[in-house]
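S.K.: Let the hints inform the model, and build the full structure from the sequences given.
Going down the list, the protein sequences come from chains A and B. In case it helps, full-length UniProt numbering puts the first sequence at residues 1 to 221. In case it helps, full-length UniProt numbering puts the second sequence at residues 1 to 221.
Take the hints with a grain of salt, since some may be wrong.
With a straight-line cut-off of 25 Å between C-alpha atoms, the simulated BS3-like cross-links for lysine-lysine are [as the list claims (entries may be wrong)]:
id: 1; chain 1: A; residue 1: 100; chain 2: B; residue 2: 52
id: 2; chain 1: B; residue 1: 52; chain 2: B; residue 2: 74
id: 3; chain 1: B; residue 1: 173; chain 2: A; residue 2: 173
id: 4; chain 1: A; residue 1: 38; chain 2: A; residue 2: 74
id: 5; chain 1: B; residue 1: 189; chain 2: A; residue 2: 52
id: 6; chain 1: B; residue 1: 189; chain 2: B; residue 2: 220
Keep in mind that the hints were calculated from the coordinates and are not lab data.
Below are the chains, spelled out letter by letter.
There are 2 protein chains.
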Amino acid sequence: MCAARSILLMSSSRLHGSNYLEHARGQLEELFRAKNVKTVLFVPYALPDHDKYTQLVRDALQPWGFKVEGLHTKPNHSLALTQAQAIFVGGGNTFVLLSKLYELQLIDLIRQLVLERGITYVGSSAGTNVATRSIHTTNDMPVAQPPTFDALNLVPFNINPHYLDAELNSQHKGETRDERLAEFVAYHKLPVLGLREGTSLSVQGDCAKLLGCRNAKLFKA
Amino acid sequence: MCAARSILLMSSSRLHGSNYLEHARGQLEELFRAKNVKTVLFVPYALPDHDKYTQLVRDALQPWGFKVEGLHTKPNHSLALTQAQAIFVGGGNTFVLLSKLYELQLIDLIRQLVLERGITYVGSSAGTNVATRSIHTTNDMPVAQPPTFDALNLVPFNINPHYLDAELNSQHKGETRDERLAEFVAYHKLPVLGLREGTSLSVQGDCAKLLGCRNAKLFKA
Numbered sequence: 001m002c003a004a005r006s007i008l009l010m011s012s013s014r015l016h017g018s019n020y021l022e023h024a025r026g027q028l029e030e031l032f033r034a035k036n037v038k039t040v041l042f043v044p045y046a047l048p049d050h051d052k053y054t055q056l057v058r059d060a061l062q063p064w065g066f067k068v069e070g071l072h073t074k075p076n077h078s079l080a081l082t083q084a085q086a087i088f089v090g091g092g093n094t095f096v097l098l099s100k101l102y103e104l105q106l107i108d109l110i111r112q113l114v115l116e117r118g119i120t121y122v123g124s125s126a127g128t129n130v131a132t133r134s135i136h137t138t139n140d141m142p143v144a145q146p147p148t149f150d151a152l153n154l155v156p157f158n159i160n161p162h163y164l165d166a167e168l169n170s171q172h173k174g175e176t177r178d179e180r181l182a183e184f185v186a187y188h189k190l191p192v193l194g195l196r197e198g199t200s201l202s203v204q205g206d207c208a209k210l211l212g213c214r215n216a217k218l219f220k221a
Numbered sequence: 001m002c003a004a005r006s007i008l009l010m011s012s013s014r015l016h017g018s019n020y021l022e023h024a025r026g027q028l029e030e031l032f033r034a035k036n037v038k039t040v041l042f043v044p045y046a047l048p049d050h051d052k053y054t055q056l057v058r059d060a061l062q063p064w065g066f067k068v069e070g071l072h073t074k075p076n077h078s079l080a081l082t083q084a085q086a087i088f089v090g091g092g093n094t095f096v097l098l099s100k101l102y103e104l105q106l107i108d109l110i111r112q113l114v115l116e117r118g119i120t121y122v123g124s125s126a127g128t129n130v131a132t133r134s135i136h137t138t139n140d141m142p143v144a145q146p147p148t149f150d151a152l153n154l155v156p157f158n159i160n161p162h163y164l165d166a167e168l169n170s171q172h173k174g175e176t177r178d179e180r181l182a183e184f185v186a187y188h189k190l191p192v193l194g195l196r197e198g199t200s201l202s203v204q205g206d207c208a209k210l211l212g213c214r215n216a217k218l219f220k221a
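M.R.: What follows is the structure, encoded as structure tokens:
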């Protein structure tokens with residue numbers, strides 16, 4: 001039971017044919033307005049250029065009426081998070097992102113703020129991966145090594161963002177996404193939700209709801 | 001300088017339209033005959049069913065005149081490796097494979113046998129990843145967590161197996177392989193060789209040679 005929880009986990013920040021975050025505008029507006037969010041604290045660590053990344057998010061959200069600040073510009077990260085109305089953790093490399101959150105010792109704090117204080121959490125792609133129980137089901141290349149693959153555990157299961165079905169006519173012999181997720185399920189005996197691009201998982205309190213116009217795929221033992 | 005080294009690193013064990021290992025038959029026969037290898041010790045840990053995996057390799061290599069034994073069937077792994085004429089490390093999940101090699105404490109022994117005693121090493125896919133300096137450039141899902149991403153370091157650089165060019169007309173918004181490898185290069189400032197399916201890197205002593213009918217792609221800072 002977690003009555004305070006208010007989370008939106010996007011598969012991706014972009015959808016083919018639309019601008020950055022545009023496909024999720026309705027989802028974000030509804031969430032932020034319900035929680036009276038005026039300013040979003042952006043966590044840019046999954047990509048190398050934090051200023052540029054924060055500006056990208058600002059350019060998307062500001063016209064919709066939301067102010068965006070970069071966590072990396074704050075002298076005291078913990079204080080900034082504690083005072084935030086909403087946290088948005090952007091995509092990029094999941095291993096780099098989780099490593100940085102551990103390095104800055106922000107994991108326990110963010111978990112506590114979201115689960116106990118009800119601070120709104122929005123994630124996309126890598127930001128969705130780190131919100132789940134672990135990053136074992138990321139698609140990213142392991143360019144950095146975090147101390148553990150355990151993540152924020154804001155939801156007690158795994159998500160595979162950018163989930164896509166196997167191409168039937170592919171001549172490539174690398175594993176398909178389904179084969180990779182089956183490896184995870186066989187190894188951990190735990191479920192994982194394949195979240196297609198353009199869709200999001202909204203979790204308000206203990207009620208989870210799939211948003212967007214495509215279905216998701218649940219893999220379990 | 002490493003005069004003893006005799007290594008064949010395959011991008012993949014399968015190529016579209018041909019049977020398991022068939023595309024590399026000439027490469028394997030030439031290598032094994034040059035080194036008078038009659039029996040190959042197979043390391044099956046990258047896939048869950050070790051017996052079945054070893055039989056797959058046996059079915060491929062035996063008709064060509066090479067006996068195959070599974071490392072997992074040996075009561076003393078270190079002794080079996082020390083007495084081996086050639087080691088073949090098969091593909092599957094790179095994280096699972098490297099975790100198992102660390103768990104069995106075989107990393108230092110295999111490195112020593114290959115670099116100092118000249119035991120022939122053959123790897124494909126995950127078996128190629130673990131032969132390089134680290135597994136930071138695997139395509140696999142991180143379903144297991146090894147104590148470190150550092151690997152056998154039989155060659156002092158990284159390889160990306162199953163390398164493939166970006167699909168120009170893709171509507172998928174997940175990163176392309178080139179974007180992922182650029183992330184690695186930006187993070188580590190180290191080179192990585194993208195090895196296309198159907199090709200292999202042969203390293204005899206200090207001489208490396210690309211085998212197969214396609215070129216490779218080198219990414220560097």
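S.K.: Taken at face value, is the distance from the CA of residue 74/A to the CA of residue 38/A at most 25 Å?
M.R.: Satisfied, since the Cα-Cα distance of roughly 18 Å is no more than 25 Å.
S.K.: Below or equal to 25 Å on CA atoms is what counts here, so check residue 189/B against residue 52/A.
M.R.: Between residue 189/B and residue 52/A the Cα gap is close to 21 Å, so the pair holds against 25 Å.
S.K.: Please verify whether residue 173/B and residue 173/A have alpha carbons no more than 25 Å apart.
M.R.: This hinted pair holds, its Cα atoms lying about 21 Å apart.
S.K.: Hey, residue 52/B versus residue 74/B, does the alpha-carbon distance stay inside 25 Å?
M.R.: holds (16 Å)
S.K.: When you check the alpha-carbon spacing of residue 100/A and residue 52/B, does it fall within 25 Å?
M.R.: violated (41 Å)
S.K.: Regarding the pair residue 189/B and residue 220/B, is the alpha-carbon distance no greater than 25 Å?
M.R.: holds (7 Å)
The structure is inconsistent with hint 1 alone, although it conforms to all the rest.
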